[in-house]
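Student: Chains as they are written, first to last, in this note's numbering: chain A, 55 to 136; chain B, 55 to 136.
I should point out that these hints are in silico values taken from the structure, not numbers from a laboratory.
Just so you know, not all the hints are guaranteed correct.
If chains are identical, the list can't say which one is meant, so a pair holds when it fits in one copy or spans any two.
Think about it this way: if two alpha-carbon atoms lie no more than 25 Å apart in a straight line, the pair counts; the simulated SDA-like pairs of lysine to any residue are [as the list claims (entries may be wrong)]:
| hint | residue 1 | residue 2 |
| --- | --- | --- |
| 1 | Lys-109 | Leu-131 |
| 2 | Lys-82 | Leu-123 |
| 3 | Lys-109 | Tyr-133 |
| 4 | Lys-85 | Val-58 |
| 5 | Lys-134 | Glu-56 |
| 6 | Lys-134 | Leu-116 |
| 7 | Lys-109 | Gly-90 |
| 8 | Lys-82 | Ile-112 |
| 9 | Lys-134 | Thr-81 |
| 10 | Lys-109 | Ser-76 |
| 11 | Lys-82 | Ser-110 |
| 12 | Lys-134 | Val-122 |
| 13 | Lys-134 | Phe-119 |
| 14 | Lys-134 | Leu-123 |
| 15 | Lys-134 | Ile-120 |
| 16 | Lys-109 | Arg-89 |
| 17 | Lys-82 | Leu-131 |
| 18 | Lys-82 | Tyr-130 |
| 19 | Lys-82 | Ile-120 |
| 20 | Lys-134 | Leu-124 |
| 21 | Lys-134 | Leu-100 |
| 22 | Lys-134 | Ser-97 |
| 23 | Lys-109 | Lys-134 |
| 24 | Lys-134 | Ser-110 |
Predicted model only: the values in this text are computed from it and were never measured.
2 protein chains.
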Amino acid sequence: MEMVLGLVAGVLTMGGIVPQISKAHRTKQTKDVSRGMLAIIISGVLLWTVYGFLKSDIPVTLTNFIAVLLNSYMLYLTYKFN
Amino acid sequence: MEMVLGLVAGVLTMGGIVPQISKAHRTKQTKDVSRGMLAIIISGVLLWTVYGFLKSDIPVTLTNFIAVLLNSYMLYLTYKFN
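All chains should be modelled from the sequences, with the hints used to inform the complete structure.
Tutor: What follows is the structure, given as structure tokens:
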């Protein structure tokens, strides 16, 4: 039960960046998106990945690891489109 | 040790939205920011708050609860400034 809740929560916070990536691709505009936000979130989800690993918490580890990749890609887009 | 790591990770992912809020206040422009992103993240951090509560995990509960408030405020700003 908690495992399912954690996975759903993790998929949502991990996937939250997807509409932002999609919007950036559609408009090719990212000037209102804060790079500071992305940099801090990447550091945070990286630490959550380590935290989840240390606590053997699969939802936390897995979803945050994917979030590292997605947010890094969005950060790259802010350079590509500006 | 894990508690400290979790708190640092939580403060980062929670605080990631702060530079975005600050940028929105400075430029009064939010058109490139995805509302879908904010809506999904708010749902996600809300579920993380419940997950953390059920697992008696203080860093997860506390930081995600504050993240609900901060991300809701950013969502409000996308309406205020557009």
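Student: So, for every hint listed, does it hold in this structure?
Tutor: Evaluation of the provided hints:
1. Taking the closest pair of Cα atoms, Lys-109 and Leu-131 never come within 25 Å of each other, the shortest separation being 33 Å inside a single copy and 36 Å across copies.
2. Proximity of Lys-82 to Leu-123 under the C-alpha cut-off of 25 Å is restricted to the intra-copy arrangement: shortest distance 20 Å within a copy versus 29 Å between copies.
3. Within a single copy, Lys-109 and Tyr-133 get their C-alpha atoms no closer than 35 Å, and across copies no closer than 39 Å, so neither meets the 25 Å cut-off.
4. Taking the shortest Cα distances, Lys-85 and Val-58 never come within 25 Å of each other, neither inside one copy (37 Å) nor across copies (34 Å).
5. In this assembly of identical chains, the alpha carbons of Lys-134 and Glu-56 never lie at most 25 Å apart, being 39 Å within a copy and 37 Å across copies at closest.
6. Taking the shortest alpha-carbon separations for Lys-134 and Leu-116, neither the intra-copy value of 28 Å nor the inter-copy value of 36 Å comes in at or below 25 Å.
7. Proximity of Lys-109 and Gly-90 under a CA criterion of 25 Å is satisfied in neither setting, with 28 Å inside one chain copy and 31 Å between copies.
8. In the homo-oligomer, the alpha carbons of Lys-82 and Ile-112 never lie at most 25 Å apart, since the shortest distance is 35 Å inside one protomer and 40 Å across protomers.
9. Taking CA atoms no more than 25 Å apart as the test, Lys-134 paired with Thr-81 passes in both settings, with 12 Å inside one copy and 21 Å between copies.
10. Taking the closest pair of Cα atoms, Lys-109 and Ser-76 never come within 25 Å of each other, the shortest separation being 33 Å inside a single copy and 34 Å across copies.
11. For the identical chains of this complex, Lys-82 and Ser-110 are neighbours neither inside a copy (39 Å) nor across copies (43 Å), given an alpha-carbon limit of 25 Å.
12. In this homomeric assembly, Lys-134 and Val-122 come within 25 Å of each other (Cα to Cα) only inside a single copy, at 18 Å, whereas the closest approach across copies is 30 Å.
13. Proximity of Lys-134 to Phe-119 under the C-alpha cut-off of 25 Å is restricted to the intra-copy arrangement: shortest distance 23 Å within a copy versus 34 Å between copies.
14. Taking CA atoms no more than 25 Å apart as the test, Lys-134 paired with Leu-123 passes inside one copy only; the shortest distance there is 16 Å, against 31 Å between copies.
15. For the homomeric pair Lys-134 and Ile-120, the shortest alpha-carbon distance inside one copy (21 Å) is at most 25 Å, but the shortest distance between copies (32 Å) is not.
16. In the homo-oligomer, the alpha carbons of Lys-109 and Arg-89 never lie at most 25 Å apart, since the shortest distance is 30 Å inside one protomer and 33 Å across protomers.
17. Taking the shortest alpha-carbon separations for Lys-82 and Leu-131, both the intra-copy value of 9 Å and the inter-copy value of 22 Å come in at or below 25 Å.
18. Within a single copy, Lys-82 and Tyr-130 get their C-alpha atoms as close as 12 Å, and across copies as close as 24 Å, so both meet the 25 Å cut-off.
19. Taking CA atoms no more than 25 Å apart as the test, Lys-82 paired with Ile-120 passes inside one copy only; the shortest distance there is 23 Å, against 32 Å between copies.
20. Within a single copy, Lys-134 and Leu-124 get their C-alpha atoms as close as 15 Å, which meets the 25 Å cut-off; across copies the closest is 28 Å, which misses it.
21. In this assembly of identical chains, the alpha carbons of Lys-134 and Leu-100 lie at most 25 Å apart only when taken from the same copy (23 Å versus 32 Å across copies).
22. Taking the shortest alpha-carbon separations for Lys-134 and Ser-97, only the intra-copy value of 21 Å comes in at or below 25 Å, while the best inter-copy value is 29 Å.
23. Taking the shortest Cα distances, Lys-109 and Lys-134 never come within 25 Å of each other, neither inside one copy (37 Å) nor across copies (41 Å).
24. Taking the closest pair of Cα atoms, Lys-134 and Ser-110 never come within 25 Å of each other, the shortest separation being 37 Å inside a single copy and 42 Å across copies.
Figure legend: structure checked against the earlier numbered hints; hints not met, in rising order: 1, 3, 4, 5, 6, 7, 8, 10, 11, 16, 23 and 24.
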